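K.L.:
Each protein sequence line maps, in turn, to chains A and B. Heads up, the first sequence stops at 220 in the working numbering, and the numbers go up one at a time, no gaps. Heads up, the second sequence stops at 1389 in the working numbering, and the numbers go up one at a time, no gaps.
It should be emphasised that the hints constitute simulated quantities derived from the structure, not laboratory data. Among the clues, some could well be false.
[Said to hold, decoys possible] Simulated pairs of lysine to aspartate or glutamate, EDC-like, Cα-Cα distance not exceeding 16 Å:
{"no.": "1", "chain 1": "A", "residue 1": "58", "chain 2": "B", "residue 2": "1281"}
{"no.": "2", "chain 1": "B", "residue 1": "1163", "chain 2": "B", "residue 2": "1346"}
{"no.": "3", "chain 1": "A", "residue 1": "58", "chain 2": "B", "residue 2": "1258"}
{"no.": "4", "chain 1": "B", "residue 1": "1282", "chain 2": "A", "residue 2": "53"}
{"no.": "5", "chain 1": "B", "residue 1": "1188", "chain 2": "B", "residue 2": "1281"}
{"no.": "6", "chain 1": "B", "residue 1": "1188", "chain 2": "B", "residue 2": "1177"}
{"no.": "7", "chain 1": "B", "residue 1": "1188", "chain 2": "B", "residue 2": "1178"}
{"no.": "8", "chain 1": "B", "residue 1": "1282", "chain 2": "B", "residue 2": "1185"}
{"no.": "9", "chain 1": "B", "residue 1": "1188", "chain 2": "B", "residue 2": "1222"}
[Unchecked claim] Footprint (simulated), chain B over chain A, 3 or more residues, beta carbon under 8 Å:
{"no.": "10", "segment": "7-14"}
{"no.": "11", "segment": "111-120"}
{"no.": "12", "segment": "128-134"}
{"no.": "13", "segment": "190-201"}
A quick note: this is a predicted structure, and the numbers were derived from the prediction, not measured. C-beta: ideal position from N, C-alpha, C; glycine also.
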Amino acid sequence: MVVSFFFNPDRTFIGRAQDVVLQWVTIVSGFTLVLGVFSIVRVNGRAVTRRSEDWPFKLATVVSVFAMAIPAMLPVSANTTFGRVFYSIFPQSWSSMFGTGTGSIYDWLFNYLDSPMMETMFAMLAFYIASAAYRAFRARSADATLLLLTAIIVMLWRVPMGEAFLRLFGESIPDYLNMFIMNGFNVAVQRGIIIGAALGAASMSLRVMLGIERTYMGKG
Amino acid sequence: MKNNNPHISVKTIILALSLCLCFSIFSFAQSPDSVNIHPPILTLVGDSTLDIDEGRTLVVAVSAIDLDGTVPVLTAEHLMDSVIFVDSLNGQGSLVFSPGFEQEGDYTVRIIASDGVLADTVTVAIAVNDITVFRTYRLSVLVFMLIFSGAVLLYTRWARQGKKLFVRRIPGIDAVEEAVGRATEMGKPVLFIPGISDIDDIETIAGLAILGRVARITAQYETPLYVPVRYPMILAAGQEVVEQAYLEVGRHDTYDRDTVRYVAGEQFAFTATVNGMMMRDKPAANIYMGAFFAESLLLAETGNAAGSIQIAGTARPEQLPFFIAACDYTLMGEELYAASSYLSHEPLLLGGLKGQDFVKVIIVAVIILGVILMSFDAGEWLKNLFVVP
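Build the full structure now, drawing on both the sequences and the hints.
P.N.:
Structure below.
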C-alpha cells in the first residue's frame, strides 16, 4: 500500500494494488460479521440458560439481533429461486414486510426503535458535558483558573445571547475571540497534538510493518 | 390661411401628451434594458491554456464585473467528468478539475457570465498529461519517509547494541499497573476498551498492543478482564492477544474466551451496552485506549459515576478535552503509540520512540524556518514541499 502510493495505477499493477487490497479487506470483513453474531448469541445465550441476573434483557438482545436480521434477509419477490420456494409456502402479500425497503419490518424497527434510541443517547451528551464541566472547571490552581475563565468567555461567545452581551462592550469582541482564542491558541495546540500523533502513528506503523511490534497479533 | 381653430390645438396637445405618456410607460416597462446597457466583463485569473498531470487537481479562478451594478451569474458548459464549477454568487467563481488516470487528453470548457440579458464568455483549454510510471510529484513524501525510517532504524540498532536511551516518564502508563492492582484488591474487574474504530485504524492496533500488556498483568493477578468491542475483526484479534498473554504467564487455565466480546456494531448501541456493564459490574478500573468519537464523554462520565479509576488514551485532539475532564490519567496523541513500547520496557521498542523524537526535532526546526521565511514572503518553495496532491 505504501509502494502503490507512488506508482501510476493506470500504468502499473502495483499502483492498482491499493484498490484490490481494500476490496479483499471488505470481503473478509463481511465474513467476520458471523463471528460477531456467534459471540453475542453465545455470551447472552449462556446467561439466559443459566437464568443469570438480568437474563430477560439478555434474551431481548438475542431476539433483537434476529428480529432485524431475518426479515431483512427474506426475499421481497418470487423472482428468485429462494423467493419462489418461500412464496409457495407463505402468502405473496407478506412480501412488503421483508427486505430493507420502506415499510418493511427492518425499516420500521430502524426508524421507530433504533434511530430514536441512538438519538436519545446522543442528546444525553449535552447533560454529560454539563456534568463534566461542573466538576472540571474549578479554580484550584492558576492553570485551572485560566481554564475556567477561558471556558466562560468561549461559552458566552457561543450562545446568541452571550454574543449580544459581549457586543455591548465592543462590536468586534466576538470576532477577536474567534481570531485569538479559537483560531489562535486552540488551533495551534491542536496542530501540535496532531503533528505528534501523526509521527507516533507513522512510527507505530513502521514498527508493525517491520515486525518489531507484534503484540497486537498475540505474539510477544 | 391661418388656422385659428383652438379645438385642433387642444386635440393636438392631448394627442401629444398621450403619445408622451405611452412612450414613458413603454420606457419604464423596458427599464431593465435601460439599466443593463453594459455586458458583464469576465476575466480569467491566470492563463487560458493550462496543463495538468493525471491525478492532480487544477483550480481555475474567474472573476466577473458588471458596470451596471448587477452581480453576474456564472455558469460553465462542456464540463467533463471530475469537474465542478462553483459560482460564489459575488462575481467570483472557480473551476476545480481533478482528472483521473484515464482522462489523458485535451479539453475545452466555456465559462459564461450573464446579467440576464447580456453575457460574456471565456474559453479555457486544459491539457491533461499522462504521467509516467512513477508519480514524481510525490517525491517529497518518499524523502521524508526515508529520513523517518532511517532515524527509527538507527536508534533501534543503537538500542540493540545496548546503548542507554532515556525516555521520560508518562504518569498515565505508570498508572496502568496501579489501576489493575487496585481492581485486584477490590475484587472487581478491569474494563478495557480498545477504541470503537476498526482494525484498519492504527489507534486500534495501538490499543490492542496495550491490551496485550494489560492482559499479562490481569492474568498474573487473576483479575477479571472485560473487553467489549465494536467490530468482529477486533473480536478475533483481541481474543488472540488476550489468550497469548495468559499463555505467556502460564495462566491459560483461567483464560475465558468471552473476556473479549462483541457487543454492538452501532456507536451508541455500543456505548449504551458498555455503560450498562459499568453500572452493573462496577469495574474498579476503566482503560480506554484507541480511537473514540462522540461517545468518549458518555463512557468517561459513566465510569466516573461508577467510581472507577480511569485511564484514557487517544490521538483524536477533539476528544482529549473530554477525557482530561473526566478521567484520572490521559495519554495524548503520541503517548498512546508509545504506551505499548513503554510498558514492554524492551530496548528495541524504545529505540523506535527515540527515532520518532529525532524526526520531531527536525519538523520543529522546519516549522520555525518556515515561519521566518513566510514572514519575509520567501517561504512559498518550502510550503510547496509539503503539499501532496
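K.L.:
If a hint holds in the structure, say so; if it doesn't, say that too.
P.N.:
Outcome of the hint check:
1. A:58 <-> B:1281: holds (15 Å)
2. B:1163 <-> B:1346: holds (12 Å)
3. A:58 <-> B:1258: Holds. Residue 58 of chain A to residue 1258 of chain B sits at ~15 Å (cutoff 16 Å).
4. B:1282 <-> A:53: holds (15 Å)
5. B:1188 <-> B:1281: holds (8 Å)
6. B:1188 <-> B:1177: holds (15 Å)
7. B:1188 <-> B:1178: holds (14 Å)
8. B:1282 <-> B:1185: holds (14 Å)
9. B:1188 <-> B:1222: holds (11 Å)
10. 7-14: Three-residue rule met by the segment 7-14 of chain A, so holds; n is 6.
11. 111-120: Three-residue rule met by the segment 111-120 of chain A, so holds; n is 3.
12. 128-134: holds (count 5)
13. 190-201: holds (count 9)
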